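Student: In the numbering used here, the protein residues as written are 1 to 166.
Check each hint, because a few of them may be wrong.
[To be verified] Below, in silico cross-link-like pairs of lysine to any residue (SDA-like), each with a Cα-Cα straight-line distance of 20 Å or less:
| # | residue 1 | residue 2 |
| --- | --- | --- |
| 1 | LYS135 | ALA115 |
| 2 | LYS75 | LEU35 |
| 3 | LYS90 | ALA72 |
| 4 | LYS19 | GLU70 |
| 5 | LYS11 | VAL46 |
| 6 | LYS155 | ARG165 |
| 7 | LYS47 | LEU35 |
| 8 | LYS111 | LEU88 |
| 9 | LYS50 | PHE9 |
| 10 | LYS90 | VAL116 |
| 11 | LYS50 | ILE87 |
| 12 | LYS50 | GLN12 |
| 13 | LYS111 | LYS138 |
| 14 | LYS106 | LYS75 |
| 15 | LYS11 | ALA72 |
| 16 | LYS135 | GLY162 |
| 17 | LYS151 | CYS161 |
| 18 | LYS90 | LYS75 |
| 19 | LYS138 | ALA115 |
| 20 | LYS11 | ARG34 |
| 21 | LYS90 | LYS111 |
| 22 | LYS50 | ARG85 |
| 23 | LYS106 | ALA72 |
| 24 | LYS138 | GLU125 |
Since the hints were derived computationally from the structure, they do not count as laboratory data. Everything numeric in this text was worked out from a predicted model, so none of it was measured.
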Amino acid sequence: MERIPRAIFTKQLREEPVKLLTEGGLSIPEVERRLSVSPSTIRYWVKANKQGELKDVGKQQRPLTEAGMELARVKRELAEVRMERDILPKATVLCERVAARNAIAKVMQFKYCIAVMCGILHVSESGYYRWLTRKPSKRVEREGRLEVEIKAAHKRTRETCGPERL
């Protein structure tokens, strides 16, 4: 699975949410809505500020330029397109029912991002996770028991009876 490039934040952007939280008296969700930065990132910056390390955060990052932003966006888009390209030939179940598409997603879940895969397979993420935890239906359980009984009967007849006679 290809990595999507991480966001690059300027020093001013890192200091702004810290000021809003400490001096402005705003909550983390309010700052998140205002600045469109994830709550975990905001918490990390606040923690680094308390330890006096906020100025060191992101020191290894190159300066943010227009071309750099465009390059990061294009790389992110390319990674998503490559994932889609790799998933589609393997996902020959697009015409099948939802259960078959969920089964394909389960097989490929360790290689590709679940959110992207569910989008390509036209399956909702919540439906996929619900399908994973669902118990087998009564029909599937009955067919499983019947298969065991048929195999036992086949062995009892010394494997001479075919499916028609059983």
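Student: Could you work out which of the previously given hints the structure breaks and list their numbers from low to high?
Tutor: 1, 2, 3, 4, 11, 13, 14, 16, 18, 19, 22, 23 and 24
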